[in-house]
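Residues per chain, in single letters:
There are 2 protein chains.
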Amino acid sequence: MPAALPHIVILGGGFGGLSAARALAGAPARITLVDRHNHHLFQPLLYQVATAGLSAPSIAAPLRQILRHQRNVTVLMDEVTGIDLAQRRVQLTRERLDYDWLLVATGAAHAYFGHDDWAGNAPGLKSLDDALAIRRRVLTAFERAEQEDDPARRQAWLNLVVVGGGATGVELAGTLAEIARHTLTGEFRRAQPRDANILLVEAGPRVLPAFDPVLSAKAQRQLEHLGVQVRLGHAVTAVDDDGVTLGGERIAARTVLWAAGVAASPLGRQLDAPLDRAGRVLVQPDLGLPGHSEVFVLGDLASVQQDGSPVPGVAPAAKQMGEHVGRLIAARLRGDTRVLPFRYRDAGSLATIGRMAAVAQFGRLRFSGLLAWWVWLGAHIWFLIGFRNRLVVLLDWAMAYWTQARHARIITGADRHGRER
Amino acid sequence: MPAALPHIVILGGGFGGLSAARALAGAPARITLVDRHNHHLFQPLLYQVATAGLSAPSIAAPLRQILRHQRNVTVLMDEVTGIDLAQRRVQLTRERLDYDWLLVATGAAHAYFGHDDWAGNAPGLKSLDDALAIRRRVLTAFERAEQEDDPARRQAWLNLVVVGGGATGVELAGTLAEIARHTLTGEFRRAQPRDANILLVEAGPRVLPAFDPVLSAKAQRQLEHLGVQVRLGHAVTAVDDDGVTLGGERIAARTVLWAAGVAASPLGRQLDAPLDRAGRVLVQPDLGLPGHSEVFVLGDLASVQQDGSPVPGVAPAAKQMGEHVGRLIAARLRGDTRVLPFRYRDAGSLATIGRMAAVAQFGRLRFSGLLAWWVWLGAHIWFLIGFRNRLVVLLDWAMAYWTQARHARIITGADRHGRER
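Quick mapping for you: the protein sequence lines, in order, are chains A and B.
Residue 1 is where the first sequence starts when you use the working numbering, and the numbers rise one by one after that.
Residue 1001 is where the second sequence starts when you use the working numbering, and the numbers rise one by one after that.
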């Protein structure tokens, strides 16, 4: 491939970056896709890895395997250490890239609201390593309870707190309740997993705030039916080794999982552009960076308003942004300089609440319960397209459904934070 | 369960310890099974996890799930810190156990022949964590090669050395050659995975020394056909960050895997009994500890002679020893005090050498090639019994066979030794 072809650098191999690369298939350009992981991750099912329902490789595939036939793409596993907009250069750990076009799609993590020291005791769920760390903590908590004689200390191992009532928090809490009530039944001789308390803490007035209030109420009832205690209007004011504090109340819990807030990738701060409160870059209507028509920001790192409300930070939006920018650059390369504003098409929202319960919202249509769960299951298996894992995922789920077992209940690795569990 | 029942403590949930526990189903006793992992591991397929063919949960299952219906067993995830034979006590990290019968089945690891400092640069393959660490190193090596401009340094990333020509070493080397020649084809733009050199180093005169010399020769030819360089009669004299030394020869290699030697579990040294050179306990014909008829040693930790040759340290032998000791104790509990010597029944040996090649030895019958591979495949899927994973494993292999892809090519976790990869 002649070096004279324009060089498009894409930072991030998530839904945004990967769909941009794919939309540029066949374009007369050299594309370099950089990600610090070697894999694309199907993030909507990450909570299933964290709760031992799926194995890590079932929801991830190597980026270079996905893109092997797209000969204009080079994949690099590396981290970005700096962006020089004036020189049009990106510095990686191991090399430097000069670009003609730059796409920044490095996503977002959870926000600890100024308390980053909580991260060690309350891990978030964004990467496979996060999911495996959470799986290790949750499974180890029940093991420790089995060996703890003191009733109060035992209960602290059986108290699991999930902070944040969005889709991830609801999915985690619902699945943890199922594990305690069903999966582990009969496996312990001293502790009783059904004595576990799963607590879902949300600072706002309802769970699933992105959904219709009617569905929020239904989701809460489904969670409570599974045995989850839902605490609304409570903000966490402290997290430490032994538990959490909610205002004046202290809850002893050795396992706290964090699913609250959004903190955009720190790379946004290097783009010399206004940011919103979560650190997202306020982009132009075509997703371009203000003052730099050769730079685009997409996915969870981009802050985009549409019809007076923000485009949500969800996988379909990131995917659509990637397709938009990919097509836009392909058009520019053909000499077509029209400005095409990005339009988000809401394909509907789904959230699952444990086994056979979910809520769904498609335009004006809202439904919940078993039907919503089947739609959720079908949609997620469908969107695992591009992975060869669909059949294995389906099998895992079919087995989990019939046997109530969870096949990935394996404790591996040491705790990142070196804490004695 | 009344506390007056005799207490049988089993240390180790591998093939030996688990089969002993199962053989004691229904026995009038309290059984406590201790393992530092929460899972039983199907070790014969561990190399498949290390080489990204299978996911970790496909070859492991929680011990308490396997034993959930056996009500006389309590499973503890803990580590043994001491054994007091006189007081009949085992000290764990978190509690102390008094026993009436003790079964020690804590297995063996690889031996670095007095060079334990090599472990950081040449990881062995005994646990799931080991396998995931090797997977991370191997996959990362190709990623680093893609970003290395200097030809010599790039080649050092593409040189992979496997030390030890036993079954594990042969399986690793054969699979690595397939990954380089087939799996990764077309996925890299700068480095060429087919430039990888896979080197298998064995100090002895042939690979697979436990097999018939004819099969050793066939295995070597099959390895060479796959592109593996086999070096016989070469002992490794040094391992460091940049490679290995074989006597006078220096080989630059950033990835070295260790599959040589046997070092029995250090618990053997606490048993106040003679040990063999590998640290295995020299037991009585019934697997009892000399001078302690209430203590048994089984699996890879036991050194047993039969008809003038040692019982091999393989999974079927450990399983048979567990069944023997379990039945023996069950008989004693019924008042039957006959001494039953252990007899190993050799069900045959199999080793695989990459895709569709293997060697097999059943009594006087010896064969190799495709037929041996099919027998190997069938036997291993069959012996995954007790795992619900057989179907998933079969699917993974069927997919890998047709597509030459490997579905678990996911890099997770940081390197245990903190080395910059």
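It is worth saying that the hints were derived from the structure and are not from the lab.
Treat the hints loosely; a few may be bogus.
To be verified - With a straight-line cut-off of 25 Å between C-alpha atoms, the simulated SDA-like cross-links for lysine to any residue are: (1) B:1126 with A:140; (2) B:1126 with B:1376; (3) B:1126 with B:1371; (4) B:1126 with B:1086; (5) A:126 with B:1129; (6) B:1126 with A:129; (7) A:126 with B:1140; (8) A:126 with A:210; (9) A:126 with A:140; (10) B:1126 with B:1007; (11) A:126 with A:377; (12) A:126 with A:291.
Stated by the list, open to error - Facing chain A, a subset of chain B residues (Cβ under 10 Å, in silico): (13) 1076; (14) 1217; (15) 1221; (16) 1246; (17) 1410.
Being a predicted model, the structure only gives us computed values, none of them experimental.
Idealized CB from N, CA, C, for every residue including glycine.
Now the hints, each set against the structure:
no., hint, result
1, B:1126 with A:140, "holds, 21 Å"
2, B:1126 with B:1376, "holds, 20 Å"
3, B:1126 with B:1371, "violated, 28 Å"
4, B:1126 with B:1086, "violated, 32 Å"
5, A:126 with B:1129, "holds, 22 Å"
6, B:1126 with A:129, "holds, 22 Å"
7, A:126 with B:1140, "holds, 21 Å"
8, A:126 with A:210, "holds, 19 Å"
9, A:126 with A:140, "holds, 21 Å"
10, B:1126 with B:1007, "violated, 30 Å"
11, A:126 with A:377, "holds, 21 Å"
12, A:126 with A:291, "violated, 31 Å"
13, 1076, "holds, 6 Å"
14, 1217, "violated, 36 Å"
15, 1221, "violated, 31 Å"
16, 1246, "violated, 30 Å"
17, 1410, "holds, 5 Å"
Hints 3, 4, 10, 12, 14, 15 and 16, counting from the list given before, are not met by this structure.
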